[in-house]
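Engineer: One-letter residues, chain by chain:
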Amino acid sequence: MKTKLVRALLLVAALAPVVANAAEKTFVMVPKGVHPYYEPCYEGFKAAAQKYGVKVDKVDPQKFELPLQVKVIEDLIAQHVDGIAISALDDAGLVPVIADATKAGIKVITFDAPAPSSAALEYIGTDNESAGVAAGKKMAELMKGKGNIVILQGGLGATNLNLRTKGFKAALAKSPGIKVLEVVDEQGDFNISMNKTEAVLQTYPDVTAIFSVSAEGAPAAAQVLKQQGKAGKILLAGFDDLKDTLEGIRDGTVAFCLVQKTFKMGWLSVEALLDATKGKKLPKVTDTGVLFVTKDNVGSYMDEMKKEFAK
Amino acid sequence: MDATASAGGRSLGASLLRTKESAILLALLIMMVVIGVIAPRFISGTNLFQVSRQVAFVAIVALGELFVILTGGIDLSVGSIMGWSGVAAAWAMSLGVNPALAVLFGILAGVAMGAINGSLIAFVKVPPFIATLGMLQFAHGNVLGLTKGWPITAIPKSFLWVAQGDFLFVPVPVWIGLVIAVIAHVVLTYTAFGRRTYAIGGNEQATFLSGIDVDRIKFALYMISSACAAVSGIILVSRFSSAQPDTGTGWELDAIAAAVIGGTSLAGGSGSVLGVVIGACIMAVLRNGLVLMRVSPYWHISIIGVVIVLAAVLDVKTKRT
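Here the protein sequences line up with chains A and B, keeping their order.
Position one of the first sequence corresponds to residue 1 (my numbering), numbered consecutively onward.
Position one of the second sequence corresponds to residue 1001 (my numbering), numbered consecutively onward.
Be aware that a few hints might be false.
Claimed, not checked - Here are the simulated DMTMM-like pairs of lysine to aspartate or glutamate, each with C-alpha atoms no more than 20 Å apart in a straight line:
#	chain 1	residue 1	chain 2	residue 2
1	B	K1148	A	D60
2	B	K1148	A	E43
3	A	K307	A	D296
4	A	K226	B	D1166
5	A	K306	A	E39
The hints are simulated quantities; they were obtained by calculation from the structure and are not laboratory data.
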């Protein structure tokens, strides 16, 4: 009699966490691929999860390739997760799988990179065009309203990059003394960025500034400038805070970088998914904004970003 | 030069014109003249210096790839092995290991992967395409797993001359590439190993039946390929003053393209060091020229594709005559 009771109690004890977990929501973050850029996003995601008592996970597509991202999302649909936050590799390409997820009752939002044609409930991330404008304004200030600038872009087919370049050029257009010499495609590759920067310096001996709308452009260009003794003589700035970009800021080769508020993106994603599961209506877009990093705040900006949410 | 390279007795000039590489060499020279006329800065010392360095990085990998393609095989993992070896060497350096030893460590790390390729292909008889495709994933995945995507920036200043320095106005990587090219040419043309490599590509069955240990040679060839990839990947660490985890991604296509443009047959049996070097030059010159000629960046990639095919067609046509 006693053993039966004990066994029954043990069974309940074993099942209790399962039952408890069933009540706990599971949200999964799907970045574009394996990249350190998403680490602060996931940190924000996890931190918010802890605050709100949800379970989270992150599944990376092995490469920055659409079919791989679609497969990841299909797997998550099969696992019946409650919410998915996707950094969309493509807009139209994700429409079918996001529709499937929504049909299966899963709440889907996008962060960092939008899929406006899809059924995603909200986009939380940087408004790329206004980020470009902000960067252009700061660049024009540093250039004192005159000079020749080359823009590095990691792939000419990426909407978010094209929007940044568009905004950047629009801000520069307000300074008639500034001429945009060219937009160079460095295909998201460090070596190509270096090669193209070398070629640009050859092609345009009167270039006074370089700006990269993609993460790898600034550190690669910084290498070239350092190796040619032009560090600090040609203004250099770019998007994102890769480790070598920050080092460039510290040693003066890079004037500033634009940091997307990745921690905020992750945090707000959890809040949005939670609201969605409670039936609340979500805004279509939330612009998380950007932060400028210069020599003055290079050491502290990360903590500044997180302090917004540390409660 | 084929396995049936003819004996001497011709004047140098005439034999130069008759070499299979003359067609693509001419194509390269014409391209350089056209670019030089449209964009005179192309011919500036600084620019040629930089382009020659860019050629060296690709040529070194392509030379390793040549050995493998000569037997009708293929090595798709060279790009990933570049990244892997670079990260291995940089990791050692970041721990304070003497750069020379770190370089050796990096090369060994790369060759270890090549040995795995070689064993699978030569002894287990896995088709080269599959084995090296798997290695491409494996090596790159290891790099990502170990670095979590972060670059290694703690590279000692003493190591930077390897890619950033020059000797007698020629970049150091070009010297390294020249040494490798000379060694490769000597091995392929004057050693039994080289002749047997061509023979395997020409007719593997016949070579095997004549008592040559085909398996052992193939095993060695994939190690050679990975060694070359490792060297290039490690030199790139010096160029970037850091080990970037994505280094080498896609380079297998550049290496194979350079070899094929240079007259190497993917079926095996023919190809030369000179051809591979010219192939690498054509690609680097073209990419550089497109920027200098201020061609709209939207068209660069398709123009490069067209030229690659044209060069290959030119090569096929001249071989037939």
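Engineer: Next step is simple, just say for each hint if it's right about the structure.
Structural biologist: Checked hints:
Taking the CA atoms of K1148/B and D60/A, the gap is about 12 Å. The hint holds against a cut of 20 Å. Straight-line distance between C-alpha atoms of K1148/B and E43/A comes to about 15 Å, which keeps the hinted pair within the 20 Å bound. A hinted pair counts as satisfied when its Cα atoms are at most 20 Å apart, and K307/A with D296/A qualifies at roughly 18 Å. A hinted pair counts as satisfied when its Cα atoms are at most 20 Å apart, and K226/A with D1166/B qualifies at roughly 16 Å.
For the hint linking K306/A to E39/A, the alpha-carbon distance of about 13 Å falls within 20 Å, and the restraint holds.
Checked against the numbered hints above, the structure breaks none of them.
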